[in-house]
Amino acid sequence: HLPHSTHTLGTRSVSVDLNNDASLLIDIPDALCERDKVKFTVHTKTTLSAFQKPEFSVPRQHEDFIWLHDTLVETEDYAGLIIPPAPPKPDFESPREKMHKLGEGEATMTKEEYNKMKQELEAEYLAVFKKTVQVHEIFLQRLSSHAILSKDRNFQIFLEYDQDLSVRRKNAKEMFGGFFKNMVKTADEVIISGIKEVDDFFEQEKTFLLDYYSKIKDSTAKAEKMTRSHKNVADDYIHISATLNTLSADDSTFYLRLYKVEGRVASDQELKLTELLRYYMRDIQAAKDLLYRRARALADYEHSNKALDKARLKSKDVPQAEEHQQQCLQKFDKLSESGKRELTSFKGRRVVAFRKNLIEMAELEIKHAKNNVTLLQGCIDLLKSN
Amino acid sequence: MADTARDPPPEQTDFQELEDGEDLFPEPAAAPESGPASLPAEDVSTNSNGPKQDSLFDDDPEDLFAEATEEVSLDSPERDVLLSDGPSPAITPITPPTSVITPRIESLTVPVSLQIEEEEGGDSFDIHIAVSDPEKVGEFSGTFWHLRDKQDSSGTSLSVFKQGEFSVKRRFSDFLGLHSKLASKYLHVGYIVPPAPEKSIVGMTKVKVGKEDQSSNEFVEKRRSALERYLMRTVKHPVLLKDPDVLQFLESSELPRAVSTQALSSAGLLRMVNKAADAVNKMTIKMNESDAWFEEKQQQFENLDIQLRKLHASVESLVCHRKELSVNTALFAKSAAMLGNSEDHTALSRALSQLAEVEEKIDQLHQDQANADFYLFSELLGDYVRLITAVKGVFDHRMKTWQKWQDSQMLLQKKREAEAKLQFTNKPDKLQQAKDEIKELEGKVQQGERDFEQISKTIRKEVSRFEKERVKDFKSVIIKYLESLVQTQQQLIKYWEAFLPEAKAIS
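Chains G and L, in that order, are what the protein sequence lines are. Be aware that the first sequence starts at 1, since it is given in the numbering used here, and climbs by one per residue. Be aware that the second sequence starts at 1001, since it is given in the numbering used here, and climbs by one per residue.
Only chain L is shown next, with the shape it has when bound in the complex (with noise of 0.2 Å):
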């Protein structure tokens, strides 16, 4: 959405001051009421969760949503955000994800400690987000997401936050509308905006026909558990995080609808950043890079980008082979038991049953590691290939705003050289216009170079945050990875140590 026929808003002038991580940038388009809304502390959601993470998939939704029918008081403060939807609905709760997924997935909430500055060695935050608990309001086709933030600062002049905890509720539109927000202020100066979550035709139709079914509760969790990651990007970074915008999303109640967006997902956003990108490769900018380390970064992130892919393909396919030998693990144990009832040798009949058993057991567990693979695996590779096709954004928009600078340069050239052949001829009103012009475009060139210089500088202050982010990140994933697997492992010495004895006993 960063087109060119937009000026450069004037946050241009601020960028120092955003930097340096003290102001709070002013928003032009924000409606008053942004910023830090007041939400004082008793609307907030009932319970006060405590910093254990499992506790907040639990306790809240029970609280509020566990007798939803159309008792539920109208007048609460929760339901500010849906009142506005208009006639009252009946909210039908959708159950959360239970078995299949929640006990492997152990934390829902990533602490995250910010730094603003980090040459200051400045404030450190803490926030915890977690998304939870999706809820169906009425045919307005609302699936409202349930966001909590935790935070405390500690000891720091600059509040950004409010303190404690709080709740609020966002669509998935919502969503969107945040990123395509970020994207519009943020990309075309350089910033690596993380992209939202994909919109999904066929997933979301299911839940809201209120199929309740194994993939339709998959489905919900996948798109819970991106929302949250793409949350908690987003407010890892550091200029982000102050954004108005950003803030409001966090804590306002009421979020104006973003209508504008419904149309625009982030893959749609992404196509349109692409077709940028293709716009400037079909003009064949021949940039004189004159700064190798761009060039290499580019090849470097053109490679990271294969192999990313490929990997996330790789994982893909073990996710969906691991599924299909849980089937047939599972089938297998039916059969095995079946084979145990037909034996009529009583104790290796009682040995084949157990086997059947063991193997049911298996199953389950092969269940849980493809959704570890699942979750933790390749929904991580997916959200980076993502995340460099944005990285490669910028670096093109980089190259763009090489270009325009190059083409004030040529255009002042032309005028310069048409002033000077106006100087032979008597036309001094025309000769004016001509200075005035140069004028003009001295001062678009000079913009042009400095535009040049912040996006490069900024460029290259992302890319290395980004770096660090990804390391950790994937760092990070692969430990609970590995700890997952570790699990599996062990439980499988469990269950074949207690088959043992059962084989041993057969005489």
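Only chain G is shown next, with the shape it has when bound in the complex (with noise of 0.2 Å):
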């Protein structure tokens, strides 16, 4: 009972100009469902010598796209890199919560208004798997956009190895064990902000982000319960318009209409609005991690200065002390020079998503807006022509 598979998706919005590079095109055309676990079909076609094949898919899991990430994380040479943000783990407690209430619920209610809400919950469930689906497709297509990124070792192995990849995951996660992960995540903000910044771009960079992101993390929060509001309203046209058919034949055909474009608004609204601010609050996230990783160089390099000038008072070891602190210094330069251009390069990739989303967003609505007044309408002169 459960959507089984589902072909490429609509408009993905959330990250424009991706996937246009035809040495290296990725997309996940199919997915399955079983028991909440999914399994995506990545599907490659590339034009690189560094694959043994032109096209070719391989399934993969959720964990395997966690491995990737962690491992992209993990491995110095990227520090200077937004790494882009891990897709989250496909949830579909809410759709299976309600189905389970549903259940339970169904002695009160006549069929026809059970069948409804089934659809509704199924619409829901294929509305999550299709979230859930674009969120995993765009982080590959995020990586084979980049330039460095996209000639990672590891990425090709995830995008070519025929085999299960949980083996290599397990080793994998012994070598590195998230030890840089987590230091990210504990004290990022308080060594940011407390270091003195020479740079102004940085300076400001690191202002901007750090306001935007509490700003973008409430707004998203916002955004989730407005959408869920919406939700429960479709859900009690359900319930009116089962009980106004039971009641009568003329006025329960409108509500039954009625709440499917409610639903869908609902739906559209959650698609647009809400996941472009919930992938830019993590994509903020990850620039965030960029300038924490930044500011432990600087702050690095400071103390190698220290280290070299102790060095250097007690004439001892000095030649390792300015070796250290060159590539200390090396280090930092490196990554302000990285950081530099994917900063510059985030903020244009953000407006122009922003712009894209909220104007396929007005367009639905305003769509949508018009779709209701038909319809209405048409009940209106019905009713009044009786």
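Derived by calculation from the structure, the hints in this document are not laboratory data.
BS3-like cross-link-like pairs, simulated, lysine-lysine; straight-line CA separation at most 30 Å: (1) L:Lys-1199 / L:Lys-1472; (2) L:Lys-1480 / G:Lys-370; (3) G:Lys-370 / L:Lys-1323; (4) L:Lys-1323 / G:Lys-101; (5) G:Lys-384 / L:Lys-1480; (6) G:Lys-225 / L:Lys-1361; (7) G:Lys-306 / G:Lys-316; (8) L:Lys-1475 / L:Lys-1236; (9) L:Lys-1475 / G:Lys-367; (10) G:Lys-384 / L:Lys-1297; (11) L:Lys-1323 / G:Lys-98; (12) G:Lys-225 / L:Lys-1334; (13) L:Lys-1472 / G:Lys-384; (14) L:Lys-1504 / G:Lys-225; (15) G:Lys-367 / L:Lys-1334.
Put the two chains together into one complex; each comes in its own frame, and the hints tell you how they fit.
Now the structure itself:
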């Protein structure tokens, strides 16, 4: 009774300008849902010689994506890059809970009401399903369109390895132990704000990102609440329409269709606005992570300076100290340079995505409202003419 | 209140005339000055409001109460009814519930055209009743509802009302008193008397204390609207319309205070009706229903009751959820505004602020829609749930009437048997007594049968009228409701179309 597969989705406007480079095209054309475990079919088309075949597909689970993300985060060489945020775990909790409640309440409803509610729930399942496929797909496409990350060896393994990845995954976990990731999670805000910034660009970025992150987090939560309320209203219309149906034949029809429209508005809003906000919240977190790494590099550099001074004072181990200092400086400069590039392109990306989404959302709202008017007016005319 | 202890009042004999709609039916208990009170036109509210519907809400209260302070002249005619309460109070007007509710609900008056006797294609009246603007009077806990009637009869000899327009002030307990009088007179003979609005202690206390917040305003509006609907239903009833208590209620400048009803709210009344109904059921009346129509109808009403209650619950849930949606939209709007402020890309920042404004406006739309959901739809359903209870009560009264008739018959039978036995004894006195009793009982049996037939006939008529009214009522309300939805959607289109260029302007 769960929708099993889905083909190519509609517009993916959360992140635009992806998947344009013909040398490496990735998509998730198909996915299977088995008892809440989702199996994604990752399909690659490439002209690059690094790959064995020009076109191939592999099955992947959510955990494989997480593994890939974590290895990228742990890679020192990528410290100066914004690592695309990991896709969140597929969450069927909400529709599952509702399905459970529906089962319990079946006795109190008419057959028609029950079927309608069931239909709604199936649509909700489908929407969650589509969302999760979308967000996993975007993750891969961000990687494939990144000059440096697309060449990552683990990324290629992810795309190509035709066996179960779970064995490799376990080994990787033992190696890295998620150490770096945990460190980032704990003290990033403090570290970032504590650093004495010499570079105007980064000073501004820091201020902006910290503030923006808290605002967008709040907006995401509020948007989610709003959409949930909208769904509740849609559900009420289902009950109302079912009862009106039982009462009399004439005036029930409009409600039957109205609930569909209300419900659809709710899920369209959800896909556009809420997903946009949610995605960029995570993306900004990724940008903050970059700032954090740079801040640490700066701290390391400052320490190395102090160590060098100390060494010079004591006239002991000066060459090592000098070399260490040089390394730190290089690392810091590399991070700064790369970071600047990344953050600038990030802003551009964000603005474009917001624009696209806001336009599409407004257009959908208009379309649905116009549909509603036609629908309602038709019913009014019908009732008046009788 | 229609208990069997009270003998059917003399009106019973006038039933025929009543139905022909010609005579005013004699009211035994009414004070002589009841009936069309002499209310000179000059005493009438100072504005003559035209038939325009929305102005009714605005004009009068402003004029009468706008500057109401201690300076209000206690001599002015409208104040007469207030003076009866005792020491001169300062009149504290309650500002009519404004922006939250007013604009959306367009017509506060409902034009009604009555036909007293349909077959004769008789007289038709146009009655507009508006209940508006309660005002508080002093410590005597009187909130007076301002009742305005505008009637113009169209060329008929039967002038039930005075022509023109006038207003009176009534307390909530007056409404309850009216209802209890009507119920006691008509329920037990099969008329479906519209139930009075519920008394709600919590809401009213808040208003008395003078707490002027959203919820007390909403309560006032809820009650005002309920009282208006109640009156409209009552006057739409061709028989009730001509009842002298109704006339007195609509026209008299002064009403004797309905003290006895203070304890008896509509709910209390219904409880008594239901208790009577339960008592009937407990007697396990196995009525030999010779008339399938009644059996069918009772079942129908039973089903209707269940469905309406269910629908009412769903609509109440809708109102609740839509209010939640409004709150959450407002919260989101604020959050989006903050996000827009935080955004450093100028055009995007502006677009986000615009988005916040749109959502704020949409929040207001949701609020208005929730009000329409409630006042149009939910309240209507609540009214009908209570009406159906009254209908069921009427059916129960019929059963009781039947039972009474049967009881008389059985008693007569017994007496006849006893008399037969007495024939063989030498007790001429007792025999005569028995014969007298039998004579009396025969009369009672005949009356019982007549009563039963009468109530059955009345109920048939009432039910048919009720069904027609119900269909009309629902249809008109649903159309209004749909129109409110259309308006909301059209507003949405406007807002989003205004937003779209802003979104496109991001570069």
